[in-house]
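*Asks:* Spelled out from the first residue to the last, the chains are:
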Amino acid sequence: MNIYIIGILFSLVVFFLVGIAAGRQVKSTNDYYVSGRNAPTLLIVGSMIASFLSTGAFLGDTGEVYDGFFMGIVIVGVLQATGYIYGAGLFGRYIRRSEANTLPEYFGSRFQSPGLRRLSAVIMLVSVSAYLLSAIQGVSTLMSSITSLSYPACAVIVWLAFTVFTIYAGSPGVLLTDTIMFLVFLVAALIAVPFIVHAGGGWFGGIARLANCESMPGILSWAGSPDYLYPDGASNLAWAVTYGVVWALVVAVSPWQTSRYLMARDEHVVMRSSIWSSIGVMTVTVSLYFTAAFIRNINGELVGSQALIWAAMNVLPPLIGITMLTGITAAGISSASTFLSLIGFSAANDILPRKGRDDRQQLRLSRWAMFAASLVILALAYLNPPQIFVIMYFGGTVIASSWGVVAIGSIWSKKLSRSGAYLGMLMGFLGCAGSKMFYAIRGITPPVYLDAFFIGIAMSVIGAVIGSFLHPVTEAERQCRAALHTGSIAENDREECRKDRRMWLVYLGFGLLAGAFFLFLYALPYTRAVLS
Amino acid sequence: MEIILSVAFGLWICVTAFAYRAFTAGRREGEEDR
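Those protein sequence lines, which keep their order, are chains A and B.
Take the first sequence: its letter number 240 is residue 240 in the working numbering, and every next letter is one higher.
Take the second sequence: its letter number 13 is residue 13 in the working numbering, and every next letter is one higher.
Quick caveat, the hints were computed from the structure, so don't treat them as lab data.
Fair warning: there could be bad hints in the mix.
Derived list of chain A stretches under chain B, where covered just means 3 residues or more per stretch with a C-beta under 8 Å from a C-beta of chain B [stated by the list, open to error]:
| hint | segment |
| --- | --- |
| 1 | 79 to 90 |
| 2 | 262 to 276 |
| 3 | 507 to 521 |
Per label pair, the in silico range of CB-to-CB distance [unchecked claim]:
| hint | chain 1 | residue 1 | chain 2 | residue 2 | range |
| --- | --- | --- | --- | --- | --- |
| 4 | A | E301 | B | I3 | 27 to 35 Å |
| 5 | A | V187 | B | F18 | 30 to 38 Å |
| 6 | A | R357 | B | V15 | 42 to 50 Å |
| 7 | B | M1 | A | A476 | 52 to 60 Å |
| 8 | A | V122 | B | A22 | 34 to 42 Å |
| 9 | B | V15 | A | T486 | 24 to 32 Å |
| 10 | B | V15 | A | V14 | 38 to 46 Å |
Each residue gets a CB set at the ideal place from its N, CA and C atoms; glycine is no exception.
Looking at chain A on its own, in the form it has when it is part of the complex (with noise of 0.2 Å):
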């Protein structure tokens, strides 16, 4: 046993006793769920950063910019961050409004209809279950590459340290152990930096030598390598691009995301949380960029996913190292947190029938389908068969496919109806998930426009046109819309409401020093040394 997994297995522990505690507060399913409603902007912050950001962003996304994509990964970093800032303003607060316990509610009420509900809780069930097993095998990896211990031991060792607490707790336990791993990996990203940079020959010396990179030619160039995705600079901005404006959509209408604005305190804090999550999301991202491409200075015979762990084990020192492997584990554990809470409370509260039962059975009853599906993620995970990839497919963008035409239609369209955003929520996820599975069977790797989110997104507007078509929005469902537009009496604070509108000055002034810091400290000095 070494000192990196003494770090990992302490921090877990603490992870763990922490959400234990956090649980002694949750007396209600309102507990439970939405952590009392009472949530402040750093707990959202913290939980929706640490729920978006998994192993994926520190192990998958840094080894593709090992690998020669850098550029395209950056404009899929900047781009989607600043997602949460439309997804506030355009959906998240007026479901806060809602006072819906799980977004499937939220759903079934403003349209009406329990179909639509559990359909929605159906494909979100689906779709999060696809992140978690994609979590828990990300954490597992990294432990058992960095010990001597099985994959399917590690798998056992972090599932016990996520699902005991989520079970135990909900919403305040993942709230809290959410903004504490945040903190971990926030501060992993940062200090990381100095450490590899120096080690890959100073920042400028750096940007150098990438420039003219051998191992990896073009690595910081805009065309990315052209042996990674497509052979030409132009397709590969254009897959850039249009991926980062699919993610800026999965991070403004998904569960994972948008559930944290369900446990608000007030619509302030959820307009102020788009603000520093976007800004927080932005940073640690970019961070890592940065470092995955410093690191092929200092070695450029790794496996790109592996990268990152290679540097925390013989670039970083020690502290530093365990301090960055714990920061990618407590990634992954966060968003698993996250993911077994919102398959737990959509199972119990969407899907299965209410039939009068009161509030403490109602909680029992959570905690039990919790179990029962955290169960079944487990033997998934530890069997790891070899056809688990199939259900990979409908994780990445299908709930953004299947669920963002009627999310932004549900606050913004007079004509949606019950029919409406009940067949294009289904038609979007059978045209995503359907053609994922397509191209992936036939070995098709289809161009951009052609992308399986575009065939769910097109779909699921013809679905939403023919259903409204067919059935017309009624007077109920019209009224449902509209008391969404009209804010609460505590949401009428002045003084409150001129703090949120401040807020876009220090947005404006991260975007201003952002720019600066890609032309000054990125685009002119690579530029000099491509030239010289």
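Chain A is fixed; fit chain B onto it per the hints.
*Replies:* What follows is chain B alone, placed relative to chain A:
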């Protein structure tokens, strides 16, 4: 092209800042006066 993209990043974030401003301004006028 790297220079153009760097400037574009900054501009896009600034545009999003204006969008945020519009979202929050709309709330005050639309709802506070109700």
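*Asks:* For every hint, state whether the structure bears it out.
*Replies:* Quick rundown of the hints versus the structure:
Coverage of the segment 79 to 90 of chain A by chain B holds [criterion: at least 3 residues with CB-CB distance below 8 Å; count 7]. With a cut-off of 8 Å between beta carbons, the segment 262 to 276 of chain A has 4 residues touching chain B; three or more are needed, and the interface restraint holds. Counting residues of the segment 507 to 521 of chain A whose beta carbon lies closer than 8 Å to any beta carbon of chain B gives 10, which reaches the threshold of three, so the coverage claim holds. Checking the proposed 27 to 35 Å range against E301 of chain A and I3 of chain B shows it holds: the Cβ atoms sit about 32 Å from each other.
Checked against the hint of 30 to 38 Å, the C-beta distance between V187 of chain A and F18 of chain B comes to roughly 32 Å, which is consistent with it. Between R357 of chain A and V15 of chain B, the C-beta spacing of about 48 Å keeps the proposed range 42 to 50 Å intact. Distance hint check for M1 of chain B and A476 of chain A: the Cβ-Cβ separation is about 54 Å, which falls inside the suggested range of 52 to 60 Å. As the Cβ distance of V122 of chain A to A22 of chain B is approximately 36 Å, the hint placing it in 34 to 42 Å holds.
Distance hint check: the CB atoms of V15 of chain B and T486 of chain A are about 29 Å apart, consistent with the given range 24 to 32 Å. Remark: the range hint 38 to 46 Å for V15 of chain B to V14 of chain A is upheld by a beta-carbon distance near 41 Å.
No hint from the list above goes unmet by this structure.
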